[in-house]
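> Work out the full structure: start from the sequences and follow the hints.
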Amino acid sequence: VILSARKGGSPFSQEFWTELDVGHCWVDVVTPEGRKESWGYTVQSFRDFPRYQPWKSVPGEVLHPDGSRGASGTLKRDITADQLQQGEDWGNAAGEVYNLFGLNGGHSCATFAKGFFEAATGERAPTSMFGALIASPNDLSAAMNEQAAKDAAQDPGAARGDEQSSN
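Anchor point for the sequence shown: position 122 equals 122 in the numbering used here, and the numbering is continuous, going up by one each time.
Hints are supplied without guarantee of correctness; some may be wrong.
As the list claims (entries may be wrong) - Computed beta-carbon distance windows for the label pairs: (1) 146 - 59: 29 to 37 Å; (2) 96 - 118: 14 to 22 Å; (3) 149 - 118: 18 to 26 Å; (4) 152 - 124: 16 to 24 Å; (5) 10 - 70: 14 to 22 Å; (6) 95 - 149: 29 to 37 Å; (7) 59 - 9: 20 to 28 Å.
Stated by the list, open to error - Below are the EDC-like pairs computed for lysine to aspartate or glutamate, each with C-alpha atoms no more than 20 Å apart in a straight line: (8) 150 - 123; (9) 76 - 155; (10) 76 - 151; (11) 150 - 78; (12) 7 - 146; (13) 36 - 82; (14) 7 - 21; (15) 56 - 19; (16) 150 - 118; (17) 76 - 123; (18) 76 - 146; (19) 76 - 37; (20) 76 - 88; (21) 76 - 33; (22) 36 - 88.
Everything labelled a hint here was simulated from the structure, so no lab data went into it.
The C-beta atom is built at its ideal place from N, Cα and C for all residues, glycine as well.
Structure follows, in structure tokens:
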């Protein structure tokens with residue numbers, strides 16, 4: 001399973017809010033047999049997203065497949081078929097409430113991707129101090145890159161891609 005994030009713009013920029021340049025997070029799954037799929041979460045209608053009240057919840061939906069590419073940060077973990085099923089069960093039960101900040105029982109793409117990853121791996125997704133308050137693609141990407149560097153320092157072979165294909 002691969003936790004993936006594509007950074008967006010700065011939340012202090014106008015484009016972040018007017019063009020919703022917030023980035024995106026998702027989970028890629030690659031089985032040992034080579035089957036690929038992806039899971040993500042988004043607002044049902046970007047037209048209805050409350051740009052001037054971004055803390056408000058709106059209808060959301062699970063994307064399966066997600067189809068996103070261009071990750072600026074990833075974190076790969078080997079899991080079993082049973083663990084993958086736990087992640088998929090969690091994803092299917094995620095509900096239909098989107099909240100950019102993951103508030104009010106809703107999910108953002110970042111809280112969904114982190115939740116799926118954590119349900120599948122049993123491991124906490126990396127985060128920074130700010131990301132612990134509000135999960136975002138920018139924070140998740142940076143935290144995953146930092147974790148990947150730590151993992152590579154502990155296992156240089158994994159950094160070169162010497163590991164086996166995984167779920």
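> For every hint, state whether the structure bears it out.
Outcome of the hint check:
1. The given range of 29 to 37 Å is respected by residue 146 and residue 59, whose C-beta atoms sit roughly 34 Å from each other.
2. At roughly 20 Å, the beta carbons of residue 96 and residue 118 sit within the given window of 14 to 22 Å.
3. Hint check: residue 149 to residue 118, Cβ distance near 21 Å, so the stated range 18 to 26 Å holds.
4. At about 19 Å, the CB distance of residue 152 to residue 124 agrees with the hint of 16 to 24 Å.
5. Restraint check, residue 10 to residue 70: a C-beta distance of roughly 18 Å satisfies the suggested window 14 to 22 Å.
6. About 34 Å separates the C-beta atoms of residue 95 and residue 149, a value consistent with the hinted range of 29 to 37 Å.
7. Taken as a hint, the range 20 to 28 Å holds for the pair residue 59 and residue 9, whose Cβ atoms sit roughly 24 Å apart.
8. In summary, the hint linking residue 150 to residue 123 is supported, as the alpha carbons are separated by about 15 Å, within the 20 Å threshold.
9. Of the supplied pair hints, the one linking residue 76 and residue 155 holds, its CA atoms being roughly 13 Å apart against a limit of 20 Å.
10. Simply put, residue 76 and residue 151 have alpha-carbon atoms about 10 Å apart, close enough for the 20 Å limit, and the pair holds.
11. Taking the CA atoms of residue 150 and residue 78, the gap is about 17 Å. The hint holds against a cut of 20 Å.
12. The suggested pairing of residue 7 with residue 146 holds, with an alpha-carbon distance near 14 Å, which does not exceed 20 Å.
13. The hinted pair formed by residue 36 and residue 82 meets the criterion: a straight-line CA distance of about 17 Å does not exceed 20 Å.
14. About 9 Å separates the Cα atoms of residue 7 and residue 21, which keeps this hinted pair within 20 Å; it holds.
15. Restraint check for residue 56 and residue 19: satisfied, since their Cα atoms lie roughly 17 Å apart, inside the 20 Å limit.
16. Between residue 150 and residue 118, the direct Cα distance comes to roughly 19 Å. Compliance with the 20 Å bound is thereby established for this hinted pair.
17. With a C-alpha separation of about 12 Å, the suggested pairing of residue 76 with residue 123 holds against the 20 Å cut-off.
18. The hinted pair formed by residue 76 and residue 146 meets the criterion: a straight-line CA distance of about 13 Å does not exceed 20 Å.
19. Taking the CA atoms of residue 76 and residue 37, the gap is about 14 Å. The hint holds against a cut of 20 Å.
20. Simply put, residue 76 and residue 88 have alpha-carbon atoms about 16 Å apart, close enough for the 20 Å limit, and the pair holds.
21. A hinted pair counts as satisfied when its Cα atoms are at most 20 Å apart, and residue 76 with residue 33 qualifies at roughly 17 Å.
22. Of the pairs offered as hints, the one joining residue 36 and residue 88 holds, with about 14 Å between alpha carbons and a cut-off of 20 Å not exceeded.
The structure is consistent with each of the numbered hints, conforming to all of them.
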